[in-house]
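Chemist: Go by the hints and put chain B onto chain A.
Going down the list, the sequences are from chains A and B. For the first sequence, the numbering used here begins at 1 and goes up steadily by one. For the second sequence, the numbering used here begins at 1 and goes up steadily by one.
Be aware that a few hints might be false.
Computed spacing ranges between beta-carbons, pair by pair [to be verified]: (1) B/T61 / A/Q119: 55 to 61 Å; (2) A/T12 / B/A109: 39 to 45 Å; (3) A/G201 / B/R213: 31 to 37 Å; (4) A/T12 / B/G85: 37 to 43 Å.
Mimicking DSS-like on lysine-lysine, the simulated pairs with C-alpha atoms at most 27 Å apart in a straight line are [to be verified]: (5) B/K84 / A/K87; (6) A/K84 / B/K133; (7) A/K31 / A/K84; (8) A/K87 / B/K31; (9) A/K84 / B/K31; (10) B/K84 / B/K120; (11) B/K87 / B/K120; (12) B/K31 / B/K84; (13) A/K87 / A/K31; (14) A/K87 / A/K133; (15) B/K87 / A/K120; (16) A/K133 / A/K120; (17) A/K120 / A/K87; (18) B/K31 / A/K133; (19) B/K120 / B/K133; (20) A/K84 / B/K87; (21) B/K133 / B/K31; (22) B/K87 / A/K87; (23) B/K87 / B/K133; (24) A/K87 / B/K133; (25) B/K87 / A/K133; (26) A/K31 / A/K133.
Since the hints were derived computationally from the structure, they do not count as laboratory data. These numbers come from a predicted model, not from an experiment. A virtual CB, placed ideally from N, CA and C, is assigned to each residue, including glycine.
Below, each chain spelled out in residue letters.
There are 2 protein chains.
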Amino acid sequence: MTDTRIRVSALTPRMDLGPREARHLHVLRLKVGDVLRVFDGQGAEAAAQIAQLEAGRAVLTLGEAVSGAAETPFPLTLAVALLKGDKLSDVVRAATELGVARVQLLVTARADAREIGAQKLLRLARVAEEASKQSRRAVVPQVLAPISLTEFAWEGQLFVAQPGSQGRIMPLLDWAAPVNVLTGPEGGLTSAEVGGLLERGAHAVTLGPRVLRAETAPVALLGAIAAFGQEDQPRPA
Amino acid sequence: MTDTRIRVSALTPRMDLGPREARHLHVLRLKVGDVLRVFDGQGAEAAAQIAQLEAGRAVLTLGEAVSGAAETPFPLTLAVALLKGDKLSDVVRAATELGVARVQLLVTARADAREIGAQKLLRLARVAEEASKQSRRAVVPQVLAPISLTEFAWEGQLFVAQPGSQGRIMPLLDWAAPVNVLTGPEGGLTSAEVGGLLERGAHAVTLGPRVLRAETAPVALLGAIAAFGQEDQPRPA
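Extracted from the complex, chain A is given alone in its bound form (with noise of 0.2 Å):
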């Protein structure tokens, strides 16, 4: 089986590509009979064969389910606050290759911005696609409109990066549920704001005693729970 992933809208027995697909298997020099990998973005992944390759088109032929190894146990969030310029997405980039299935966009008091443009969340959805192609997920995340503080739901547990709280996330993090993390504007959090998750059930753990830019605490704190790590734990049923 080579390395080549192709997205598809859905894995079925037989599957028609494109020309853009196309082209890319003939840049790749793959010929009928080789086999590749195909997945849907939403977690299933299989192998697949090509059975017919020609310059616009290409047919390919479903084989074995191919168990979404990169993914975490239960979905991963991550809630973050409007950033100004292309911070969100280098944190979106960072954070589909630590591993989250979805992206909360949120606005909070001090954030940068009140809401995103059409435009802007579509660049946003890209970069998360591109960059689960290049970590080889199964999953592309989501990157969902911004909401209220108050607006935003979570299941599981939720972890809210907070300077100065005497919290960990290491000894609390159990992934028997979906896992949630959240983190603030340039600025942080309204204490009000923070008081208000952890009424909800939400916990406040530190990233250590410095002043993190608002772009790099999301990165750290995913990059905490991959280091962590528990992927290898068993799924759900």
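Modeler: Only chain B this time, still in chain A's reference frame:
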């Protein structure tokens, strides 16, 4: 005491500041008698009082020492392969926020470059200085000119980020001695390079089952160390 922090060449009973620093104090509307912090970039930090303040100069008198609360018990070193473009700046900036005392640049088999210009090295040093200030550290990390992997020697522990490794940093990390982390270039270290480091006592550790970019791996690994946190341990005498 104000939040203002001024870098001085050394912490002495009387410190003479030049025009640039004096202007900075004026801009902040500080007055004679106000107390701020001074630090020497080597880890020493203290309170200081403004004794004289004129247009082009200022004199500070030294107050009580402030412990470097933002520092790890022993120095933390990042050894990182040369990367293209601005990636090294991004890594140095985030690594400074995450507490490194030193960034050692490395030439490895697959590194994007074999050397680095004097101007670029100077620029990285400036990035470290700015990031140190922003993250309110008393130490400005040194950025050391590239050496080969075989020349790289370390004290204490060395953790090498190695995709596919089964090792985890968490149970191994021990702040009873200096801690070093090493990350490779785009395309990774060769297995001979990793083998050589392991023979010399390094630990290979994983950051999860996904493929990380060369500029994400150091931030993720240093984030894990910061989140795990042993900064509160007693310092060596």
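Chemist: Assess, step by step, whether the Cα of B/K87 is no farther than 27 Å from the Cα of B/K120, and give holds or violated.
Modeler: This hinted pair holds, its Cα atoms lying about 12 Å apart.
Chemist: What's the verdict on B/K84 and B/K120, does the C-alpha distance respect the 27 Å limit or exceed it?
Modeler: Between B/K84 and B/K120 the Cα gap is close to 11 Å, so the pair holds against 27 Å.
Chemist: For a C-alpha distance cap of 27 Å, please report whether A/K87 and A/K31 respect it.
Modeler: violated, 41 Å
Chemist: Are the Cα atoms of A/K87 and B/K31 separated by 27 Å or less?
Modeler: violated, 37 Å
Chemist: Range hint 31 to 37 Å: satisfied by the CB atoms of A/G201 and B/R213?
Modeler: holds, 34 Å
Chemist: Next pair to validate is A/K84 with B/K31; report whether the Cα-Cα distance is within 27 Å.
Modeler: Violated. A/K84 to B/K31 sits at ~35 Å, over the 27 Å cutoff.
Chemist: With a cut-off of 27 Å on the C-alpha distance, tell me whether B/K84 and A/K87 pass.
Modeler: holds, 19 Å
Chemist: Holds or violated: B/K120 with B/K133, Cα cutoff 27 Å?
Modeler: The hint holds at about 20 Å.
Chemist: If you draw a straight line from the CA of A/K84 to the CA of B/K133, is it 27 Å or shorter?
Modeler: holds, 21 Å
Chemist: Taking 27 Å as the top limit, are the C-alpha atoms of A/K31 and A/K133 close enough?
Modeler: holds, 22 Å
Chemist: Between A/K84 and B/K87, is the straight-line Cα distance small enough, at 27 Å or below?
Modeler: holds, 19 Å
Chemist: Need the status of pair B/K31, B/K84: alpha-carbon distance at most 27 Å?
Modeler: violated, 46 Å
Checked against the numbered hints listed earlier, the structure breaks hints 7, 8, 9, 12, 13 and 18; every other hint is satisfied.
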